[in-house]
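Enquirer: Chain by chain, the residues run as shown.
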Amino acid sequence: MNIEEIRKDFPILKRKINGKQLIYFDNNATTQKPVQVINAIKNFYETYNANIHRGIHTLSQEASEMYEDAHKKVADFIGANDMQEIIFVRNTTEAINLVMYSYAMENLERGDEILTTIMEHHSNLVPWQYLEQKKGIKLKIADIKDDGTLDLDQFKQMINEKTKIIAITHISNVLGTINDIKKIRKMKKDAILLVDGAQSVPHMPVNVKKMDCDFLTFSAHKMLGPIGIGVLYGKKELLEKMKPFLYGGDMISKVEQHKSTFAILPWKFEAGTSNIVGGVGLAAAIDYLNKIGMQNVRDHEKELVKYFLEKLEDRNTIIYGPKDPEIKGGCISFNIKGFNYHDIASLLDKSGIAIRSGHHCAQPLLKRLGTTGTCRASFYIYNTKEEIDKFFDILNKIRG
Amino acid sequence: MFWKRKKKKEEDSLTLSEKAIISLLQSSKKPLSTEFICKKVDKLNLGCVDEPSHFLHRLEKKGIIKKEFSKKEKSILWSLSEKYDRLLR
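Sequence lines, in order, name chains A and B. Mapping of the first sequence onto this note's numbering: residues -9 to 390, in sequence order. Mapping of the second sequence onto this note's numbering: residues 4 to 92, in sequence order.
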């Protein structure tokens, strides 16, 4: 993996912020885009732009093919059977809402239980809270241990015959904790297993068959792709039984005055004009990542995390989540005693360094950690140890 | 007249959180910390708890407020900019 060559593909990395070279450590929020993705989007609008499906003309045929190919590429990327298991949505949040409305709302009954964890992003918590209030479903929330890993003993104890859905993040967007999904699947084989892959699919090899999950959700913009397109993977037999999420154009087979039949998968779940160029951009992002290799992406981030943690440890610094890079994704949350986390982010920004500060859309977790927010540095393929050195030059000046 | 119009235009484009921040700084005799402002504005329930900090920086970009880092207090301290202070008077 040649980082210097990779960096040349990202025009934004040449940008100066406050007179300093940009150091972008906010990759859990969104990633930067390589020219290959930017050009794929530009090329689509300049050469292929048309609405998809049912168009006879050449442009529509070509655009349809490109959009369908994007589904196939995603299916291959995560080891799905075929493109019928890949539904394009706006983002991870929408993907989870789709499962909540089209599967859980229809199939769960009062007294049934959903098991999730305290380390979830709001996107994998708030939809289930709504279901709890609307249908009397019991929402159970498993705790973490003090080292930021999931308390698997407690998790196991919380499973029973009423557990109908297990909704769990693959990698915590705050702690970086990597959850052992295979182990969790073994604990309960007959529950629906939804894995929030927003922070795992972009950063490590993920295979839906190996995890044996029923649903996997993730967003394109966190993996070099465009903003506004996300993915719901679902097992075909489940998706076929589920009712549509949105109704209207493009998701139908036949429409009469008072009834309709619906299109085959995945189109049954993609109502209205799709984010066609988003799909094209996502396909280009997958091509880019495949060229690097997802194991290489993971290894690179592991190295950066190890290097960063070694420099971060200090008696005035609180580090949240596991410190072993083997069980940690490419993000590190921390606080400097006596400082406000937003102030740290603001002072770093003065030197061109972008990190995130605040609750990271995981307020219950932050409360569990005894804080209202943290600073979070998160890495990707274009980040380097030299950037980490520059980061600590500034941070050390701040923390004194 | 021009200044009055400019002030009105600037005020109309402000969000409720931004107005709350300005009002806090106006009523304070000394610069206020990020922590203090965020806690006060959060109590008004105008949005997510992280938003006040975002709006502080937006107001700074607009030139309405300014910041200074105090090593002693380990905090960024915010106050109204001279330009905006003049507009208010």
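The hints are simulated quantities; they were obtained by calculation from the structure and are not laboratory data. In this text the structure is predicted, and so the values were computed from the model without any measurement. C-beta: ideal position from N, C-alpha, C; glycine also. Worth double-checking, as some hints may not be accurate.
Cβ pair distances, simulated, as ranges [claimed, not checked]:
1) F382/A / Q29/B: 32 to 40 Å
2) L142/A / K43/B: 35 to 43 Å
3) S16/B / E58/A: 40 to 48 Å
Calculated pairs, EDC-like style, for lysine to aspartate or glutamate (alpha carbon to alpha carbon, straight line, at most 20 Å) [stated by the list, open to error]:
4) K6/A / E316/A
5) K327/A / E63/B
6) K357/A / E54/B
7) K340/A / E38/B
8) K340/A / E71/B
9) K64/B / E246/A
Covered stretches of chain A (in silico footprint by chain B; criterion: 3 or more residues with CB under 8 Å from a CB of chain B, positions within the stretch not fixed) [unchecked claim]:
10) 56 to 68
11) 332 to 343
Enquirer: Hint by hint, say whether it matches the structure.
Expert: Hints versus structure:
no.: 1; hint: F382/A / Q29/B: 32 to 40 Å; result: holds, 39 Å
no.: 2; hint: L142/A / K43/B: 35 to 43 Å; result: holds, 41 Å
no.: 3; hint: S16/B / E58/A: 40 to 48 Å; result: holds, 45 Å
no.: 4; hint: K6/A / E316/A; result: violated, 34 Å
no.: 5; hint: K327/A / E63/B; result: violated, 26 Å
no.: 6; hint: K357/A / E54/B; result: holds, 18 Å
no.: 7; hint: K340/A / E38/B; result: holds, 19 Å
no.: 8; hint: K340/A / E71/B; result: holds, 12 Å
no.: 9; hint: K64/B / E246/A; result: violated, 56 Å
no.: 10; hint: 56 to 68; result: violated (count 0)
no.: 11; hint: 332 to 343; result: holds (count 4)
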